[in-house]
Structure formats: structure tokens, C-alpha cells
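Here the sequence shown stands for residues 4 to 93, numbered as in our numbering.
In short, the hints are calculated from the structure, not lab data.
Since this is a predicted model, take the numbers as computed values, not measurements.
It is possible that part of the hints are untrue.
[Said to hold, decoys possible] Pairs of lysine to aspartate or glutamate residues, derived as EDC-like cross-links and limited to a Cα-Cα distance of at most 20 Å, are as follows:
no.	residue 1	residue 2
1	18	43
2	68	36
3	80	67
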Amino acid sequence: TSLLQGLNPEWALLKRHPEEDVFGVQIAAGFADQFTRTSEVLESFCKLDFVDVNMGCPLDFVNEKQAGAALMLRESKLRESLLGMSRALS
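The task is simple: from the sequences and hints, build the whole structure.
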């Protein structure tokens, strides 16, 4: 969600170096609308080969936002998130 807030350090991570053959990003969010909107932004502004969903992070401050490992416990939210992302990404 930091990307959606327009934080410069996050946007800097989305710059693909010309010598990179494969380039992707990892996104962490706790809600389907955040995953979908982030995917829409990535599709519009970045040339990515893959998007990785963070659902393994054990850090408390991430899980308190229902993201990271907490997402694995929320099957319906995960399903909604993946459907939204698949619609937004080519």
C-alpha cells in the first residue's frame, strides 16, 4: 500500500535496469482491493515479468495489517485478491 500512497522509495524500486533479463516485484497487502489497485498501477506504469504475493512474512507489524502470513489464514480474501490481480495484470 506504500506504492498507492505515492511514497518515493517504493517507486524507486520499480525501475528496471536495462541489463535485467527478468524483473518482478513483491506486493504485500491485507485486502483484495489493495492488491487489485496495486496491480492496476503496476500494469499501467511498469514492465514486469512477474508479481509475487507476500504471504509468508511473519513480522507482527505486517500481520497486524492482515498481510504477510496472516493472509494464508484468510482463504476467501486470498481468492478475491488473486482474482482481482489476475484481471488487472497481463
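Has the given pair, residue 68 with residue 36, been kept, meaning a C-alpha gap of at most 20 Å?
holds (14 Å)
Residue 80 and residue 67 were given as a pair; does the straight-line alpha-carbon distance stay at or below 20 Å?
holds (15 Å)
Under the criterion that the straight-line Cα-Cα distance not exceed 20 Å, is the pair residue 18, residue 43 satisfied?
Satisfied, since the Cα-Cα distance of roughly 17 Å is no more than 20 Å.
This entry satisfies every hint, going by the numbered hints stated previously.
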